[in-house]
Amino acid sequence: MADITINGQSRCTQSSVYIHQGVDASHLKMFLFRALIKYSETSLLIDEEFHIDKDVPIIVMGDVNVDAKRNEKAFGFIKKHFDLNMVPTNYPSTLGNSYIDSTFTRDISPKLLN
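Residue numbering for the sequence shown is 1 to 114, as defined by full-length UniProt numbering.
Accuracy of the hints is not assured; some may be wrong.
In the DSS-like style, the derived pairs of lysine-lysine whose C-alpha atoms are separated by at most 25 Å in a straight line are [what the hints assert, rightly or not]:
{"no.": "1", "residue 1": "Lys-38", "residue 2": "Lys-54"}
{"no.": "2", "residue 1": "Lys-29", "residue 2": "Lys-79"}
{"no.": "3", "residue 1": "Lys-54", "residue 2": "Lys-80"}
{"no.": "4", "residue 1": "Lys-80", "residue 2": "Lys-29"}
{"no.": "5", "residue 1": "Lys-29", "residue 2": "Lys-54"}
{"no.": "6", "residue 1": "Lys-54", "residue 2": "Lys-79"}
{"no.": "7", "residue 1": "Lys-79", "residue 2": "Lys-38"}
{"no.": "8", "residue 1": "Lys-38", "residue 2": "Lys-80"}
Please keep in mind that the hints were generated in silico from the structure rather than gathered at the bench.
Can you build the whole structure from these sequences, using the hints too?
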């Protein structure tokens, strides 16, 4: 994960991930939660004085090994806690016609990624 900071202020966060095939969904959620907690209002449940960067643009991309088109509920966690939206794609990322390579963004136009 790379946090792009200018004069001590976060400007953007970019993360590239590889999730091993067969990883339990609860482990995937915990991994993402630990990596992104400082960008979520959920962190206020831990400490009301915790500084959060809920307006920092975020890009998370990579091989998540979960077919996003067939398991949309698996990514509801990402939307709910981090306000990350999956960038739509019209083509599969594998020869088996699955969509296991995904990009999620917050406060970044998907048009910029094309």
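A quick look at each hint next to the structure:
no., hint, verdict
1, Lys-38 / Lys-54, "holds (8 Å)"
2, Lys-29 / Lys-79, "holds (12 Å)"
3, Lys-54 / Lys-80, "holds (13 Å)"
4, Lys-80 / Lys-29, "holds (12 Å)"
5, Lys-29 / Lys-54, "holds (18 Å)"
6, Lys-54 / Lys-79, "holds (13 Å)"
7, Lys-79 / Lys-38, "holds (15 Å)"
8, Lys-38 / Lys-80, "holds (15 Å)"
The structure shown violates none of the earlier numbered hints.
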